[in-house]
Structure formats: C-alpha cells, structure tokens
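Asks: Residue numbers (the numbering used here), protein chains in the order written: chain A, 94 to 532; chain B, 408 to 758; chain C, -15 to 301.
Any given hint might turn out to be false.
Sample of chain B residues facing chain A (criterion: CB under 10 Å; computed from the structure) [as the list claims (entries may be wrong)]:
#, residue
1, Pro491
2, Asn639
3, Ala645
4, Lys646
5, Ala647
6, Asn663
7, Pro667
Keep in mind that the hints were calculated from the coordinates and are not lab data. Each residue gets a CB set at the ideal place from its N, CA and C atoms; glycine is no exception.
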Amino acid sequence: MSSEPPLIRAEGLTKHYSSDDGLLDRLFGDTQLVKAVDGVDLEIEDGETLGLVGESGCGKSSLGRTLVQLEEATAGSVYYHDSDSGERVDLTELSSSEMQEYRKEVQFIFQNPDASLNPRLTVEDIIGEAFDIHGIEEGNRNERVRELLETVGLQRSHAGRYPHEFSGGQRQRIGIARALAVDPEFIVCDEPVSALDVSVQAQILNLLEELQEEFGLSYLFIAHDLSVVEHISDRVAVMYLGNIVETGVPEDIFEEPHHPYTEALLSAIPEPDPLWVRDRVQLEGTVPSPIDPPSGCRFHTRCPQIIPPDGMDIEQAVYRDIVGLRQRIREREINVDRVREEFAEGTSTDAVADALVGQEFDHPPSGVHRDRVEEALSLVAENNWERGRELLADHYESVCERREPVLQEDANPKACHLYEQPPTESMDTGSRQQGSADD
Amino acid sequence: MSTEDTTSDGARARTSRRGRIRVTGFDSAAVRDRETFSADRTGISGAAANRRTKAWNRFKQNRSAIIGLAILAFMVFIAVFARPIQVSLLGEGFVIQPFQLAPHNTDTNLVAGNQPPSAEHPFGTSDLGRDIMSQVMVGARFSLAIGVIAVGLAVGIGVPLGAIAGYYGGWVDEAVMRLVDILYAFPFLVLAIVIIAILGQGFWNMIAALVIVGWIGYARLIRGEILSVKENEYVMAAKALGARDRSIIFRHIVPNAIAPVIVQATLAVGTIVLAAAALGFLGLGLQPGTPEWGTILSEGREAVIRGYWWVTTFPGLAIVVFVLAVNLVGDGIRDALDPQDEVGEQEGGFR
Amino acid sequence: MSLRQYVTKRLLLTVPILLGVTVITFLMTHLQPGDPVDVLIPLGANPSEEAIRQLRRQYHLNEPLYVQYFLWLKDAMVFDFGVSIQRDSLVSEAILTRLPYTLLLGVFALFIAVAIGVPAGIIAAVRKGDKVDEVSRIAALLGIATPNFWLGLILIFIFGVQLGWISTIPPSDVSVLDPALLTYMILPAVTLGTASSALLMRIMRSSMIEELNKEYVRMARAKGLAARTVIVKHVARNSLISVVTVAALQIAFIVDGAVVIEQVFSMRGVGRLILQAILQRDFPIIQAGVLMIGVVIVFANLAADIIYSFLDPRIRY
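If we strip away everything but chain A, and leave its shape as in the complex, we get:
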C-alpha cells in the first residue's frame, strides 16, 4: 500500500433515518430508527475504483450519499485528502458554505437517468449549471459544455435539446458530463448502469473507465450485482444491512469468497460454463428490517454456515432449521392452530408438538435434538412462547448471534466467525478497525 494517504477515508460512518412524520410521532415516541449505514470504515486511494455490492436495501446508496455529504451523517467522519494543498479535511464537519468548495472535488452519478435530469432544462443548462454555481468558465460556458458532450461521446449539436429527446444511455452520458463539469477528483457512481439495457451497460462502463484514465478519477462504484463490479473495480467491498462484511481485490473475492454472504451473492451470477459444478447457495428468508437488525453477526438469521455451539454434534442443515425455528418462535409465526385442528379435542400436547416438528422442519432433528425441539414446541403449543424460546436459546445459541464479528487485518478482510477473530477480551462491539489501515 502506498505511503500517500487515501483520497477518501470514512471512519465509523453512520446514517440513521428516523421514521417519524411530524410532531405527533415525536410526542408519542413512535420514532423508529432505520439504521441504513451503521459504522462503516472504508478507504479509497487516489485513482482507485472501489466496488460496493449488496442487495437492495442494504444501505449502499445511503453510504454513497453520506460519503459526499448529500445526506448528513449521523456519526463518524469522512476525510478528504486534498492532493494540491496536502490538507486533510473532515467533510462531515464542514458547514454548507465551506462544503461548497469541495462540491467541485466530489461528485455523484445517479442510478436513474430518467429522473436525474431536470426535464424542463436543456442539456446546455443542465451541464452549464455547474459553471454558473461555481462561477467558472465564464464567457466560455457554452463552448465547454459542447466539449464535455464530445468527451462523453455525444454530439455538440445536442446541447440545445431536452432530456426526453435522448435514450436512456445517452441521458446517462449527460449525467456523467454534468458530474465532470466541475473537474472532480472523486465520483460516487450509484448503480449507474442498472437501469440500462445490457448492450448499453457495457458502453457506459467503458466510458467510465476511459474517463478515469483520462482525468485520473477515483470511483466508488455501487452495484447490486457482483458481475458488473468485477470488471471495473480495483477492490470490492460487500455490504450487508449497513455493515461491510468483506473486502478484497476482485480476483480473490471471485476466486474464493470467504464470507458466506459473498458466496451467496456470487452464486447468483449465472455461469456460462456447462461443466461448472458449484452448488447454488440459496439464502433463507428475507433481508431483516434495518430498524431492528439481528444481534451479533447481522447475517446469522440467513447464514447457511452458521456455527453451532462448541462441541455440539449436529448436522449443519438440521442446525440451520433450528435457527429458523427459533426465529419464527421469536416472531410468534408458528401456526399452532392449523396443526391442532387435525387432532381431536384433548389430544396430548406431545402429539401436537410431534406434528409441529413435521410442519416446521425440512431436515427433522433426531436424538437429543429432537427431544429438546419437541419440548420447546409443546411449550409453544401451550401458548408459552417465551419459555419455548428460552429453552432453545439455552442450548442452541450460536457465537454468531452473541458477538459481532469484525473485519480482521489482512489482505482480504472479512467479518465472519468462520475466520479468526480477535480474542473476546479486547472485543468491544462498538468499535471496529479497518483492516487495510497502515498506521
């Protein structure tokens, strides 16, 4: 890693949205916090492209927006290293008028080219607005706009037209020209190709790569799809529910993903090779709500490789089912009535519990595990959910739900208990260290 400090460095960046709508909610205390970004550390070197991947709703767009101060950070810092002056400023600390200067350094390319251009302005005014705001290129404005249009592969004559006269790909080029107008150092590309046809995607990706070479840009490239990121990124970060769970160079990540979530994302990419034999990883359930994220490792509720307690003799599939069952007991989601209907009045709860096991398990447990599960389900059948939950928690609680894993310090950091984690004593769930830190 170079000795030059990184261009952008986020420390403990956090963005929470409050769900209240108006005074009354605040009075009622109905306010819920959506933890979109929850303490993210990341670095982007000068001239580097960092790919950021995750399912929709994982907070990657919020992270991108908070990084360039389009949204105010709830906590944490974003340090920008000004290579001309050698100064390092915390963008989150700047007032909006101080930030004005840095709007020329950090820019943003939006996902939806239909919505990111003001339909009432001509292309010339859309791109020229940057010059008007910062008072640059005065007198030369129209010529510069036309040059920029050529730079992004459009024609000079397009300047007088309105956005609706262009195709999706062309509009995205206009959006890119607008970002380039202020001659920035760093651009957040928020899924810039996901709204485009596949054939056009490649052209826009190539354009972005060419511009990066020509102007020495750095990108944060956000995508929900690993395959897009693979080709353009120097490094990849995988995000899940507001946290970064793994980072590394694309070759390593694609060759041998470590975090089970990365593996699942990767297996979703179609592979053209008919002789390719890796199993497709199917994730269980849906993404949990970021209002009340799961404890410990946030992925544990869906993780196919969740770690059973030390020394327990249990098949992974069975354990996975028990984790799912515990989840459903906590959410009160088990349909006891449906099972009970099948039995005559006064049937023993044991029989009901036995039937419930059949209903709830794909891989029914055996031996001691079956006894415990049946005991818990009889409690549930007697409407004693809390006791049932506690009983299973006593025996089956995983390290994954107790402790929040951190990114370790190596070339390919991953936040997962399957890999060596720092000893418990020094662990403090609040603070995490970015692995690539060189100080």
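Given chain A, put chains B and C in place with the hints provided.
Replies: Relative to the frame of chain A, chains B and C by itself:
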C-alpha cells in the same frame, strides 16, 4: 467467447472455478471497435419541439377550450372598451382608451325605472332607471379585475409558502400546514364574510378577504406536488453541484410542480368571481350602485317578486357565461399539460 | 398502523386545529381597528362612561388578552356567548331556535346532491365518450358556473311569480316539520343541491373511470361477468370511497350555500342570522355562529378521514 483453461487432450474437467468461459463484451477494445454508440442513438426525435409548443398544440385541438377562450377574449374586449378609461397623472387626466361601446352611462334615471327590454334598453332598466346592458358591460371590468387580481395574489402567497413548507419540512412545514388546516375549518364564503365584517366593505377589502381565504388551497396543492418532485434525482444532483436552496426550489422543483397549480388557478378565477358575486348579492361587496355583477343583483329578490325578471336575468347570465368559459379553458389547460391523462381517458368507457 | 392507532392519532391532530379555530374566532373582535369595546355597543347608541366601564368589566376587557381568551373559551365550551347586542336574547338561544331550519335545508340539499350526482356520475363513466357523457359534462359545467343565488331567484320567478305554485315568502310561525314549510323548502333545497350534485358527479365519474381501467375489472369482463354485476358490485363500491371524502367537503360548500340561499328565500336559518349579525355588527352572534360552523366542519373532516381509512386501509400509511 473464448475458452481458456482446457486440458492438453482437449477434454475439460468438471470444476467449481468460475471464469473459464468469459463473455468478452465487456472488453473495452472490442466495444470500441464498434461504432461508438450505435445502439444508443435511437432516442433522438427529429423535431425538438419544446413542451410549451406541444401543450399549445394540444390545447388548440380542444374545441370547447377554444370556444371558452374566444368567449373570454370577447369579454375582455367588452370590459376594456365599454367605457373610456382615464388615468390621472400629476393632476392631469389622460384618456388612454377613448371608445365607448356601452349604449348608456350607468347613472340613475328615475323616470325610466323598471322598464322591460326594448330597442332603447335591450336588457331593460333597474328600479333606479340604470340601463342594465351598460351596467353588465362595465361590470365585466370589476368581475374580471377581482378574479385575476385575487387569484394572482393568492397564488403569489400560497405558492412560496407551500413550496418552502414542502421543501424544508420540519417546523416550518408544521406551522404553515397547521395554519392551513385551521383556515380550512371555515367555509370559503363564511370566512370571507367574516373578514369583510372586520375590514369593512370596498374593492381592496374584498380582494383581501378573497386572498386570505384563497391562498391556502395553493399552499396545500404545491406542497403535495413538491413532496413528490423533490425526491427526484435531479434535485439531489443540483445539491451535489452545490446549488443554493433558492435555486433548487425555484429552478428545479417549482417549475416541475407548478402544472396543477396553473390549472387550479385558472379554474379559481371562475370560483372567485362567483364568490365575489355572492358577496355583492349579500350586500357585502362593493358600494351599492357599483355596476359589479353581484352588486347589481343585490336588489334582485325584490325585483323578481315584482315580476321584473330582466333585472336579475342578464347580470346572472353574464356570470354564468364567464365562469363557464373559464372552466372550459381550465379543463383545456389541464388536458394540454397532462397528456398521460388523455391516454387513460381514451381507454375508459365500459359498455 | 392499526385502525385504532390511526384514529387516536387523527383525534389528537384535531386538538390543535380546534384550538386554532377558537383562537381565530376569539380574535375576531380584537382584530378590528379601534377599541374592542366599540363592537359591544349597539349601532347608534351613545352609552355613558359608566355603562362602558360596566361593559369592560362584563367582557373582561381589562384583563390581558390570554386571560380574556381563556375566560371566553371556558364559556364557549358550554355554548355561553352572552347576550346578543342587537336583540334582547341569549346568543345560544337565537342560534338554537334557528338551527333546525338550516339543518333541514342542508340535509335535504345533500340528499338531492347525492341522488342526482352519484347515478349521473356512474352513467357518465359507463357511457364515456358518447352523447350521454357529453350532455352530462355540459350540465355539470353549467351547474358549477351558475351562481346559486341567481338560480334561486330564477326559480322563485318561474314557480312563485309566473306559475304561482309556491308562495314567495316562507310560512311563518310553523314547526320545522310542518307540511307547508317542507313544501316551501323544496326550491331552496333544489337550488342548493344542484351545484353540489355537479361536483359530486364529476368526482364520481373520474373515480369510476379510474376504477374501470383497473386490472381486476378487465379480468372480470374477460371472465364474462355481466357488465351490470361488475359495475354495481365492484366499481361503484370502490368509487364511492372517494365520494365519502368529497361529501365531507360538501358540508362546507353547503354551509356557504345556506348563508346565501337563506337570504334568497328569506328563511329564518343560522346563515341568515349570521349575515344579519354582520350587517348589524353583532359580534357575539357572529362568533358563536362561526365557531359552531368551524367545529362542525372539523368533526366532519375527522369522520370522513376515519370512514375513509376504514374503507381503504392503504391510506393509513
């Protein structure tokens, strides 16, 4: 496509490794060899007609809207040329409009009271002997002026307040919208009557009452529009460029949110004229004797009971025709500004 | 959000609005130019110094404004607005004796509005684009463009003066449900109801058209369900939801109309009482009347919102 990683004898082993077969479309060189962005060219339409021309073209094809516009133009013409217009400047009177289309002036003439329509007085005369046709013609000035001024001022207050409330949210929004809610608890005319009771009668007091009652509608309307428009990425993009709030609101948000307000304001000219007429009828409008359409009707009940139908019929018809024309134009503007709606309308129908 | 939470929240939102309504009503007498005591003196009267001091004491005019407000509000809660300035009666009594006439007129008018507007809207939507639709569109536009007081005058002229079918002055000293009064009430109610029906018709028509274009209607038609069944069972019912909200707005519209129509037909209603009070500057009556109207409308809107959220759970969030 190209293959790599084949074993020496040509047979490939099963593997869990990815990427032995690659789709090379992503290879920059390959794409650059093709024409720069051939697939990208489709969207450009030949004629770069802008929105306003398109909307006007749609409006022109709407027959009833054009009829409404013609009626309005005619009434404006009457209002301007009914009587000469004089302005006094530095103590001297200048006649800026010398024509008089009205057959009579609107003075009282007790000898000729309550005459039915005749060649001399096509609309008859009132109990004080005023020529009703002349009154109706001159009255167009008052009604048109009240409608346009009151709506203009109400839009001028309601749109900025609603825009600021919608854009900033928070306590500004809370304050403006609670005020709107409170004023909404009073019916339009009742509130206007109460305000006139407080301020007293007169042209500008009536305008003030109609504006105080009228702005809340525009504030509510534009706020709702702005809440949805401000979510657009181009607003975020302007922020990313460092645009100031004022420029974001008035350059990016309001122009994209104003269409329903334009429609609403057009239709409101009719509503306001109706309300002003009602106030005039109730004796709370302009000074008695002013040839404002509603004020002419304030003695209408007595006249009707005594059988002098012409006293009420013609001023009332003038109101109906004017408001109808405004509504036709307003509907035309709505259809012209909102082409999507038109498509939906064509699909309707059910038999 | 559950229905119960929504209702609680909506109820609580009503509190500041009601307070605001009372503040505005209270301030009416204080927003006038000049001494607030002036509005308490009958027009033309020239009371002594002592009488004025007495008035100041009676209406707490020597207290700070907010104390005056709370004292006024305390009385207003039990509908005590003191004595009318111009007439020798309690304000509450003057209003309550006239309220039944206005209520009767309003209910009658709303009934006519719904009876004309809803079926006309359904027919216009179903026959969209043909002659029937066009005629009803023009009728609705005319209904909106016609000043209701003028329509009233025309009806009086035709049915009262020319045809002589009805009296041109209301029967006096009869109870509210007296047949003579009910007959007299027909014209005012028709006058008031037609403008409302035009609005209702247009809303009904457009929400019907929207509903008719939905997937489930196309499905039902594709399955071969009879057109009538689809319209009555699904479309009309869903479209009525938006009519409910509009009906609440119609209450404000009808109150406005009542003020004018009662004047046209010389009826002894609350609207005419308020109007006379304004011409005579009888502020206790104006305040009481306006406050009552405001409170009724706030609760009507509340009811509409709650009914709406009950019929269409989507709006709760």
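Asks: Any of the earlier hints contradicted here, and which numbers?
Replies: Structure breaks hints 1 and 7.
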